[in-house]
Amino acid sequence: MGKEARMIEFSGVNKWFGPLHVLNDISLTVGKGEVVVVCGPSGSGKSTLIRCVNGLEPFQQGRLVVDGTDLSNRRALRALRMEVGFVFQSFNLYPHKTALENVTLAPIHVRGLNRTEAEARGRALLEKVGLGDKMGNYPHQLSGGQQQRVAIARSLCMQPKVMLFDEPTSALDPEMINEVLDVMVGLAREGMTMMVVTHEMGFARKVADRVIFMDRGAIVETAPPETFFTAPLHARTRDFLGKILHH
Amino acid sequence: MLGGLNTRVMLEYLPEIWQGFLSTLWLSAAGFLGAMALGVLACALAIQPLRWLRAPAVAYVDVIRATPLLAQLYFLYFGLPRLGIVLPEMLIGIIALSLNSGAYMAEIIRSGILSIPRGQVEAGMSTGLGYMQRMRLIVLPQALRATVSPVIGQTIVLVKDSSLLSLISVVELTRAGQRIAIDRFMPVEGLVATALGYLVLYYALKSAAGAWSARNALPGRG
Ligand SMILES: Nc1ncnc2c1ncn2[C@@H]1O[C@H](COP(=O)(O)OP(=O)(O)OP(=O)(O)O)[C@@H](O)[C@H]1O
Ligand SMILES: [Mg+2]
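Protein sequences, first through last, are from chains A and B. The opening residue of the first sequence carries number 7 in my numbering; numbering runs sequentially from there. The opening residue of the second sequence carries number 37 in my numbering; numbering runs sequentially from there.
Derived from the structure by calculation, the hints contain no laboratory data. Be aware that one or more of the hints could be misleading.
[What the hints assert, rightly or not] According to the in silico footprint, chain B covers these stretches of chain A (three or more CB under 8 Å from chain B):
hint, region
1, 21–31
2, 82–93
3, 153–164
[Unchecked claim] Only part of the chain B face toward chain A is listed, based on derived beta-carbon distances under 7 Å:
hint, residue
4, ALA95
5, SER147
6, SER151
7, GLY155
8, GLN156
9, GLU158
10, ALA159
11, SER162
12, LEU165
13, GLN169
14, ILE174
15, PRO177
Even glycine gets a Cβ: it sits at the ideal position worked out from N, Cα and C.
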């Protein structure tokens with residue numbers, strides 16, 4: 007992969023929480039426009055891995071370059087975060103702001119858009135995620151699926167180059183999972199670079215370029231979805247797939 | 037017993053009681069402003085990352101919470117002159133009230149700030165908001181909302197605590213009531229008059245708290 011085609015590049019990244027080796031020699035490159043799904047058992051370090059990408063977690067060893075910025079440069083972090091969206095499992099909307107205000111806050115205060123521009127952009131995005139009629143609602147007046155779509159719109163409103171998702175559907179009731187996945191599929195098809203921690207294997211099959219399996223802080227296996235699901239190389243991957251596909 | 041209250045004497049002393057009431061009102065107001073300023077400052081220092089700035093704020097809160105207000109008041113009253121600082125009693129009283137309530141205000145504000153889930157702060161970071169922006173746009177508006185009721189509660193305590201200033205001969209509501217006791221040997225009349233004054237202040241603060249929370253409840257919630 008040429009240098010210009012790389013969006014995220016981990017080289018030999020190691021991280022410890024005290025004695026716990028939570029990221030074990032991670033090397034991984036995600037190209038522009040690529041969609042990478044990360045799965046693995048609970049506690050394997052998936053969240054930690056993607057939280058490193060926008061500097062929410064520091065690490066002790068190795069190098070991580072995102073959109074040309076070396077993450078060891080903490081001063082460049084704010085500028086980088088403007089280009090990297092993050093969607094949390096628990097939505098983390100601002101409860102004292104309406105859906106539209108949640109979405110326009112950062113564009114106004116970080117990108118310096120005026121209110122009219124920001125609201126035009128915000129409205130268009132909320133329409134796009136199917137919430138055209140909920141712009142004035144507060145988070146507690148929205149269902150989980152709606153809240154997560156607002157959260158996605160909030161990230162997109164900064165017009166990021168990369169979107170990171172940490173189990174975006176695992177706090178949702180089953181009937182709401184698809185409304186969120188549909189938005190993500192649309193985004194992937196538009197060519198957004200995405201790293202998605204999820205156990206939604208339907209999503210992985212549909213849009214992932216690669217699926218990564220993590221266990222105990224290490225990347226055990228990386229493969230395109232067809233291979234990953236039909237012919238996994240490692241016993242641990244097979245074990246894991248057996249568990250999540252049959253319940 | 038209350039039926040036997042000598043209301044004529046109480047009315048006779050109404051001007052003194054009224055003066056005492058006004059004095060308590062403005063001592064409390066001044067103490068409140070001082071306490072809020074100190075509280076915000078101590079809290080800001082206590083939550084920021086530099087240890088050497090955190091330590092004095094934490095020590096201040098600990099010392100105040102560990103010792104009685106009366107001791108703090110006497111400490112200033114007798115201690116400041118020994119440092120060559122001579123201030124009017126009233127000012128010493130206001131300083132004591134401010135220092136005392138300031139420590140409690142700091143704790144109230146701090147717990148309001150800590151009550152904001154970390155995830156919201158991370159969401160702010162993830163969209164590029166800086167520390168001050170996250171504080172101003174996300175954390176403080178919610179934290180202060182959560183803080184108003186306990187702040188009013190602490191203010192009610194402050195109003196009552198201001199009665200201790202009578203011990204360093206500041207004339208306020210309690211001391212005005214004592215005049216009736218001393219001049220006319222009618223301590224009950226004096227105490228009832230004093231209590232009525234505090235009740236008025238209490239109800240004013242209580243209804244302010246009620247009005248505030250009715251107006252500021254999030255739409256559609258509570
Ligand atoms: N702040 C922290 N301090 C100490 N240990 C932590 C911290 N955050 C995570 N860990 C530990 O690091 C390991 C990896 O955590 P991480 O959240 O990355 O796992 P995960 O794969 O996302 O798990 P899950 O599927 O449950 O979300 C776990 O053992 C976890 O307990
Ligand atoms: Mg996780």
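Consistency of the hints with the structure:
1. Note: the region 21–31 of chain A has 0 residues with beta-carbon separation from chain B under 8 Å; the three-residue rule is not met and the coverage is violated.
2. Three residues within the 8 Å Cβ limit are the bar, and the region 82–93 of chain A against chain B gives 7, so the coverage statement holds.
3. Check on the region 153–164 of chain A: 4 of its residues sit with their Cβ under 8 Å from a Cβ of chain B, so the three-residue criterion for coverage holds.
4. The criterion of a C-beta within 7 Å of any C-beta in chain A is not met by ALA95 of chain B, whose closest approach is roughly 29 Å, and the hint is violated.
5. Below 7 Å, beta-carbon pairs count as interface contacts, and SER147 of chain B has none with chain A, the closest being about 18 Å; its hint is therefore violated.
6. Given the 7 Å rule on beta carbons, the hint for SER151 of chain B is violated: about 12 Å separates it from the nearest Cβ of chain A.
7. Annotation: interface hint on GLY155 of chain B holds; nearest CB of chain A at approximately 4 Å, less than 7 Å.
8. Hint status for GLN156 of chain B: holds, given a least beta-carbon distance of 5 Å to chain A, under 7 Å.
9. With a cut of 7 Å, the hint placing GLU158 of chain B at the interface with chain A holds, because the nearest CB-to-CB distance is about 6 Å.
10. Taking 7 Å as the C-beta contact cut-off toward chain A, the hint placing ALA159 of chain B at the interface holds, the least distance being around 4 Å.
11. With 7 Å as the threshold, the beta carbon of SER162 of chain B comes within range of chain A, its nearest partner Cβ sitting at about 4 Å, so the hint holds.
12. The closest approach between the C-beta of LEU165 of chain B and any C-beta of chain A is roughly 6 Å, which is under the 7 Å cut-off, so the hint is satisfied.
13. The beta carbon of GLN169 of chain B is positioned within 7 Å of a beta carbon in chain A (closest approach about 6 Å), and the interface hint is therefore held.
14. At its closest, the beta carbon of ILE174 of chain B sits 6 Å from a beta carbon of chain A; the interface hint therefore holds under the 7 Å criterion.
15. Interface hint at PRO177 of chain B: satisfied, since its Cβ lies 6 Å from the closest Cβ of chain A, which is below the 7 Å cut-off.
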